[in-house]
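Trainee: Same order as they appear, the protein sequences are chains A and B.
Heads up: the first sequence is residues 1 to 752, going by my numbering.
Heads up: the second sequence is residues 1 to 752, going by my numbering.
Hints are computed from structural coordinates only; laboratory data are not their basis.
Please note that a few of the clues may not be correct.
For identical chains, the list gives no copy identity; a pair is met inside one copy or between any two copies.
To be verified - Derived lysine to aspartate or glutamate pairs resembling DMTMM-like cross-links, with alpha carbons at most 20 Å apart:
{"#": "1", "residue 1": "K470", "residue 2": "D737"}
{"#": "2", "residue 1": "K398", "residue 2": "D127"}
{"#": "3", "residue 1": "K718", "residue 2": "D277"}
{"#": "4", "residue 1": "K102", "residue 2": "E736"}
Bear in mind the structure is a predicted one, so any value in this text is a computation, not a measurement.
2 protein chains.
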Amino acid sequence: MFIMHRMKVLGVIALGVASLVIGILIGHFAIAPRLPTWLQRMSTDGDPKYSNQLHQEIRAEEIHKNLQFFAGKPHIAGSHQEEEVLVNYMYKTWQSNLDGVKIYNYTVLLSYPNASDPNYIAIVSADGVESDLSQKVEKILSPDQNDSTVVNPFNAYSPSGVIVGDLVYVNYATVEDFHFLTRNLSMNLTGTVAIARYGQIFRGDKVRNGELFGCAGMIIYSDPADYAFGDQERVYPDDWWLPGTGAQRGTVLRGDGDPLTPFYPSIGSAFYLDEKDVALPKIPVTPIGYNDAVKYLSKMSGNEAPNSWKGKLNVIYKLGPGFAPPYENSKIKLYVKNYNVKRTIRNVIGFIEGQFEPDRYVALGNHRDAWVFGAIDPSSGTATMMEVSRAMGQLLKKGWRPRRSILFCSWGAEEYGLIGSTEWVEEMEKVLGSRTVAYLNVDIAVEGNSTLRALATPILHKLLFAAARKVENPNPDEIRAGRRSVFDTWVKNIPSSHDPNLPHVNSLGSGSDYSPFLQITGISAADLLYTYDQKYTIASYPMYHSVYETVDLVSRLLDRGFKYHQAVGRIWGELALRLADDVILNFDCLQYAETLKSIVSELQTIYGLTFQEHNLSLDAVKDAVEEFLKAAKALQEKAEKANRENPLEVRKINDQLMQIERAFMDPFGVGGSLNYRHVIYAPNQHNMYAASSFPGLAAAMFDIENDPDQERRWQQVKKEISIIAFTISSAASTMEDPSSIGGGHMKDRSVL
Amino acid sequence: MFIMHRMKVLGVIALGVASLVIGILIGHFAIAPRLPTWLQRMSTDGDPKYSNQLHQEIRAEEIHKNLQFFAGKPHIAGSHQEEEVLVNYMYKTWQSNLDGVKIYNYTVLLSYPNASDPNYIAIVSADGVESDLSQKVEKILSPDQNDSTVVNPFNAYSPSGVIVGDLVYVNYATVEDFHFLTRNLSMNLTGTVAIARYGQIFRGDKVRNGELFGCAGMIIYSDPADYAFGDQERVYPDDWWLPGTGAQRGTVLRGDGDPLTPFYPSIGSAFYLDEKDVALPKIPVTPIGYNDAVKYLSKMSGNEAPNSWKGKLNVIYKLGPGFAPPYENSKIKLYVKNYNVKRTIRNVIGFIEGQFEPDRYVALGNHRDAWVFGAIDPSSGTATMMEVSRAMGQLLKKGWRPRRSILFCSWGAEEYGLIGSTEWVEEMEKVLGSRTVAYLNVDIAVEGNSTLRALATPILHKLLFAAARKVENPNPDEIRAGRRSVFDTWVKNIPSSHDPNLPHVNSLGSGSDYSPFLQITGISAADLLYTYDQKYTIASYPMYHSVYETVDLVSRLLDRGFKYHQAVGRIWGELALRLADDVILNFDCLQYAETLKSIVSELQTIYGLTFQEHNLSLDAVKDAVEEFLKAAKALQEKAEKANRENPLEVRKINDQLMQIERAFMDPFGVGGSLNYRHVIYAPNQHNMYAASSFPGLAAAMFDIENDPDQERRWQQVKKEISIIAFTISSAASTMEDPSSIGGGHMKDRSVL
């Protein structure tokens, strides 16, 4: 009995054990296996808690501190402060906060004024006596501007020279302005000195136009109409408007990157052109403030300028040439002593490694160099980027690790023509082209406190809107008015003309470091900043590139609590987080299709009849856009239905989304220029700041009616239409199913 | 008791069930899960049984049948037979055997002779009487050549024209040959008619040289030295040597693709240049056989040609100009009536969809068009490709499905300058560039039965060797001699000078359709064929581009049992299978490093001293090669140690391997030409058939000592060295860990 019992007990135990073992075997082998944990994580979007933590972590006061450090002293490209002090600080900060940091050096051609022999303007009488000299340095209006390393006003890459000639007023110095003078008024500008006002177009284009129309030199001044909103009383330091003593520095070289190494990076093994073989500006140029300008403008002779040419100085704007009595025998004198020199500039790249796709990069970038203190341009952006990187470093400590890698890019020598970013993209193109998901630029973070403003390729619009919706409005008044988010104020201030429920997003020109990413490599890009009230019809924020652009200006008159900086940082960080952590990229290819459609319909409206007269049509382009739309819909649907547990299916779709922007690149350049290769958007050929849609076609159509060789020009138009149609259709093909190359695919075949 | 018992039983059952459930839970949740089946398959190389099945399935007799169909009738590009009959057959075959098929149409400029007014050569006396006319058609030597659609001998794109002038013998018409005549002998060639022999360089380069040195026309003939190995007795149909009645057709246009649409595809929306705006050949040219050539050469006056210029005709080779008595007053007359016309040519693309990476393409390609019957060029390749595709179709039925997608590409109008493949790569570049793993070309499959011969970029050498080792030797004599595999005979016949245990693999020039893949897009490529005994120092297989290149020639004199065709098909199929099915691509980046090293050391030997004299050195290039070698080693190691269960890690490494070749592309073109962009290999600028290593540098150094502008030329050399150094270093960067862009990476962090 006892034995029986014992056997029974043993039997029961054996039964239990056997059942357990069988159970384990069934559980492990017979039931479809659960996904390994790593595969589950690989299939899941980033945890939303990290987004909230990131917003929390980005702090206004930290940005303020950063700004004090970065904009406390002048830090022009090539200077010790810029290339040593700031670079080393950044390097050390990122070394401790991020996974890695690397410095990239480029030895490039820079340009400076002669500190001991400053540039100036004067009136010179027939017997050679100079009067009415312009100020040689900007007047110090508060002690914080008083620094021995401030570089006097100058236009980079202007040649040295002393020009004496008749003064001519050329308004903004656009091609149209010069056409008005030379065609409508039959003026001969050869040998004259042009005085142009800043605004409307890139200053390098002003100078190029001056050269083309025969001017011997150029003076560029800031008119109160464009920089003080007509109010010359309430200026800095009382208000943020430009005082008459401020002058705008800036490069007048057209084109991006080191002019001595076109298309190739200025690294150790580089081949440098001789300066004489490079198309540098040929005529001397220098900038002045309006206190000086009024002295020359008020003395001019000639016809009165058209109303649209008149600024807000208290003078009668006359065109010249030359001065009115008693100055009729005097000339204007332009004295420029600049020099070009090769110096080493630096980029600093901070790195967070992605855990699943380390070979996919989301890049955030901002330039570091400033003409003087640069508290707005660019240190408002630098201070913000440093804070975003610090906050992400904190997230890493809390266990976050993004799916893809994140790069923080600090560019050198942007002010000289996007040199740091361009050289880097030229050097790294092979790596960047196949790996970079998007480039998010903030140059100036805050130039006003009215509304967000964004530039981006259409594929990023949706993501921009989502990020702006997520960020709290930095303006309490706006919140009280019911506009809780940055998005709400944005859409109110800058509504889209197509859809009043969405903000208008501008196209990307070539004003900042997104340009090489978009134009050399075809990387989808965005640029954001907080801007001033759109009712101010000014050329830029008033203190732009003057000595008055200081921390005092920012912290006292623009963003007292740095909440606007914080908001920009949060949007920037949120964008990066989504791009780095979403399993499927939230790219909006349908928006690209819509944008293409509206460009084409605008073109049709403007040129439809003219084209018809020349036996041309946009039909091929329209067909290509339809093809693009169809492929975009199909891809969007695939992205939504993708099996996220299959990493290769996810990667396939993401690669397609990432490739769309690349597909718009024409390796042979657009509109005859190898510098710009994006067929849909490129800098306007007459204003590098602005973007042209279908830039090749725009260039071919520009002033076509005045071309003596009509046949050649219309052939060019025909060719451009053909290239646009092909390129859009080519972009469509990247969105189609990979099997479409061979005429079809296996249906209903699932890998899993 | 009973109740107790029942309760006990229930208890025991409950225990058993509970244990089972717990077991299932443990088995499913607590033990690290086994991989889902699909993930296991995704992590495993292709089953070797399919490789064996593929070899079995590729059958000699099927290839023979295919050849009879494809080479049974003349099928010149643009003809009904070529673009309708053959294309439709292929379309239907692939539609039933593969997953899909698609036809691509391009309307392109072709060239034909006037059928009713054939080209010829004659001697014309002072009073205008013609004698010694060349044959207007090739003599029919067996009935199978007798076809009304045979196109008479001509050189495509030669202009029409009647030229009467003094005959000059220019040997192979290389630049060196012309320099000998004009520099050493001070001959003035203006207005002469050159007679050149085929061989050594691409015929288009001969014509270009003739133009440059002032010739008014050119005759190109096949010398027995180059096409009959000196034996004019044992010729076709008795042996495979060229009879005196055979003439070599061929294009004389330099450059690839439709000349009317450079860089863009000739699709519906294309912009076509006017013929007058295109650099077509300017002087009339036509080919003749040696029976005709002897008539003119034997009558020439002037100096005796140098020994190296003498062919094997029974004449004293004289240079001219003009004829010796009694013909001293006679001239040579060249009568050419060709016409250019736009016609539609077609590519056919067959498709097998990959199961895990459908967006990765392994492409096999061969052209379809022939000058006449083309039983060797290209139908030996076409017949073989059709058999490989049929065999793979059979494998699909047996359950095989490759990891990556496979494309079969049948190109149109290759003979006119790689037109079909170039237009297609131009059209599809955006898709191909990011997705194509490799392109495997077979133009001619069998031009002899001695040994395999291969051209490939270094990254594919290892794979080529492995495939050749796996394929049984088609030659029983070789097997008896202990050389069991294709590899064994290959290494014996064409050993590498660096390693006698490996065969020498040639560099890729621009002789066939691999060129646009490599030169436009940077896709790793290979080309293979079975060739004749290397002891024959002939210019090509003798019957090249003549009417005698028929199925009879192939099946009777070259490959009686089609075993050599079969061997080529097996190697081709094996290569495709490995590239499509290996989890990690078997790409050999170390071989690329080795090859770069040996190119540099060769350069150093040849130019080291000269460079030193001009203050130049190759140090930057050497440094870059070291960097490349280091990165290659690291990547190779990563590829070996990769965690194959992580699909994204595998993809990352494969993407890096795939990108290496892309990284050698210079988007700005090499040696001043946008047509060729591969910095390491490009067609030799003086012989498009041949490859140049570092072609930009080679072009800069060519004949540099005779350039009057020494400074400019040496600056160019300096620039080319800089580009080479940068490009190699850029390629190295694609192999480095993706984290290296930001200065480091997280160590020991595994995703799984």
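Trainee: All hints, please: hold or fail.
Mentor: Comparing the hints with the structure gives:
In this assembly of identical chains, K470 and D737 lie within 20 Å of each other by CA distance neither inside one copy nor across copies; the values are 34 Å within and 35 Å between. When the C-alpha separation of K398 and D127 is checked against a cutoff of 20 Å, the pair qualifies neither within a copy, at 76 Å, nor between copies, at 101 Å. Only between protomers do K718 and D277 lie at most 20 Å apart by alpha-carbon distance; the minimum there is 16 Å, versus 33 Å within a single protomer. Proximity of K102 to E736 under the C-alpha cut-off of 20 Å is restricted to the inter-copy arrangement: shortest distance 14 Å between copies versus 38 Å within a copy.
Comparing the model with each earlier hint shows violations of hints 1 and 2; every other hint is respected.
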